[in-house]
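When we follow the UniProt record's numbering, the leftmost residue of the sequence shown carries the number 1, and every step to the right adds one.
Keep in mind that a hint or two might mislead.
As the list claims (entries may be wrong) - Simulated crosslink set (DSS-like; lysine-lysine; CA at most 30 Å straight-line):
id, residue 1, residue 2
1, Lys171, Lys259
2, Lys171, Lys208
3, Lys343, Lys213
As the list claims (entries may be wrong) - Label-pair restraints from in silico Cβ distances:
id, residue 1, residue 2, range
4, Thr87, Ser226, 55 to 63 Å
5, Glu23, Gln89, 25 to 33 Å
6, Gly88, Thr8, 36 to 44 Å
7, Gly88, Ser204, 41 to 49 Å
8, Ile272, Ala104, 27 to 35 Å
9, Thr87, Gly145, 18 to 26 Å
10, Ser52, Asn219, 40 to 48 Å
11, Asn219, Thr8, 51 to 59 Å
12, Leu7, Asp210, 19 to 27 Å
13, Gly258, Pro317, 45 to 53 Å
14, Ala227, Gly108, 40 to 48 Å
What the hints contain is simulated information worked out from the structure, not anything from laboratory work. Even glycine gets a Cβ: it sits at the ideal position worked out from N, Cα and C.
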Amino acid sequence: MSDDTELTSFTGWAATAAGAPLERYSYDPGPLGEDEVEVAVEYCGVCHSDQSLIDNDWGISQYPFIPGHEVVGRIVRMGAQVRGLETGQRVGIGWYKGSCMHCASCIGGSHHLCGTAQPTIIGSNGGFADRVRSHWAWALAIPDGLDPAMAGPLFCAGSTVFNPLVEFDVKPTDRVGVVGIGGLGHLALRFLNAWGCEVTAFTSSLSKQDEAKRLGAHNVVASTDSAALNAIAGTLDFLLITANADLDWPAMLGTLRGKGRLHFVGIVPGAIPVHVFNLIPQQKSLSASPVGSPATTATMLEFCARHQILPQVEHFPMSRVNEAIDHLRSGKARYRVVLDASK
Numbered sequence: 001m002s003d004d005t006e007l008t009s010f011t012g013w014a015a016t017a018a019g020a021p022l023e024r025y026s027y028d029p030g031p032l033g034e035d036e037v038e039v040a041v042e043y044c045g046v047c048h049s050d051q052s053l054i055d056n057d058w059g060i061s062q063y064p065f066i067p068g069h070e071v072v073g074r075i076v077r078m079g080a081q082v083r084g085l086e087t088g089q090r091v092g093i094g095w096y097k098g099s100c101m102h103c104a105s106c107i108g109g110s111h112h113l114c115g116t117a118q119p120t121i122i123g124s125n126g127g128f129a130d131r132v133r134s135h136w137a138w139a140l141a142i143p144d145g146l147d148p149a150m151a152g153p154l155f156c157a158g159s160t161v162f163n164p165l166v167e168f169d170v171k172p173t174d175r176v177g178v179v180g181i182g183g184l185g186h187l188a189l190r191f192l193n194a195w196g197c198e199v200t201a202f203t204s205s206l207s208k209q210d211e212a213k214r215l216g217a218h219n220v221v222a223s224t225d226s227a228a229l230n231a232i233a234g235t236l237d238f239l240l241i242t243a244n245a246d247l248d249w250p251a252m253l254g255t256l257r258g259k260g261r262l263h264f265v266g267i268v269p270g271a272i273p274v275h276v277f278n279l280i281p282q283q284k285s286l287s288a289s290p291v292g293s294p295a296t297t298a299t300m301l302e303f304c305a306r307h308q309i310l311p312q313v314e315h316f317p318m319s320r321v322n323e324a325i326d327h328l329r330s331g332k333a334r335y336r337v338v339l340d341a342s343k
């Protein structure tokens, strides 16, 4: 839907139980908040987090539940307190759709660390629908130079891997490794190459070597090969973990040189068994981060427009959402799936 008609109900695709196929579902969104925008959805990415919440993998899902947190669409209604946006403007909404705007984190610009930040799809219905709402500060304008049909995953996957580059001051002269060439990792390779870094891709399948280099890697290493990991010991400044797998963490730490950082954006299944003596002598660090703040995500969008960085996506009509989710579940997605709401 692309006009400014006031709808008394939103319609989307909802799971009614854990793991159930999505079905058409309508709900009353209530009155539009004074600081909210209402967005007519044009495109929405499909993320592993959507799948996890459909399946209740995290034990927090509430049904019926409409997934979707990589939304691209046009503003069709605005509350009286909305600032800096216009009706008809194309925006994107990611993992969060609101925060308190008055805590220390929000006042300091780290809205994504707000203790009461509102996820778009936890305790709320998301973007696998005709419309979605968010606080105006979390609805970010999409630069004209970016293809809106491909931009959705930037608001989750893109923001997630761009955030640590800014947060930890990764330099163009740094040697950076990326573990995992998937939905997050393929964007990290593109970002880091354009950032100016020497980029090493770590993959469990060397059959992806050519593709990793096409995406921006200068070097490719087998993440499960102890000899290959030992061969690059002490060479990296920053190692970004995007994979959701348990690996040889002491060996991964060993690839870092002095003051190097092992940083997680992928949710690995197990605990990280690292002895403090693997950190202290060379002042190495272990850290993790979520998606970026609205300001950091806006900077990422400008960076993407300047360098024409977009995710590699496969499109499905919204009406075939269950096929899209099955495609993601099968591990065949290369590398992100986007739903077209007009089909």
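So, going through the hints one by one against the coordinates:
1. Lys171 with Lys259: holds (13 Å)
2. Lys171 with Lys208: holds (26 Å)
3. Lys343 with Lys213: Answer violated: Lys343 to Lys213 is near 34 Å, above 30 Å.
4. Thr87 with Ser226: 55 to 63 Å: holds (58 Å)
5. Glu23 with Gln89: 25 to 33 Å: holds (32 Å)
6. Gly88 with Thr8: 36 to 44 Å: Distance hint for Gly88, Thr8 is violated at roughly 22 Å.
7. Gly88 with Ser204: 41 to 49 Å: Holds - the Cβ-Cβ distance for Gly88 and Ser204, about 46 Å, lies within 41 to 49 Å.
8. Ile272 with Ala104: 27 to 35 Å: Roughly 28 Å apart at Cβ, these two residues keep to the hinted range, so it holds.
9. Thr87 with Gly145: 18 to 26 Å: holds (22 Å)
10. Ser52 with Asn219: 40 to 48 Å: violated (32 Å)
11. Asn219 with Thr8: 51 to 59 Å: 56 Å Cβ-Cβ, so the 51 to 59 Å window holds.
12. Leu7 with Asp210: 19 to 27 Å: For Leu7 and Asp210 the Cβ distance comes to about 48 Å; the hint is violated.
13. Gly258 with Pro317: 45 to 53 Å: Cβ of Gly258 to Cβ of Pro317: about 52 Å, so the range 45 to 53 Å holds.
14. Ala227 with Gly108: 40 to 48 Å: With Cβ atoms ~45 Å apart, the hint holds.
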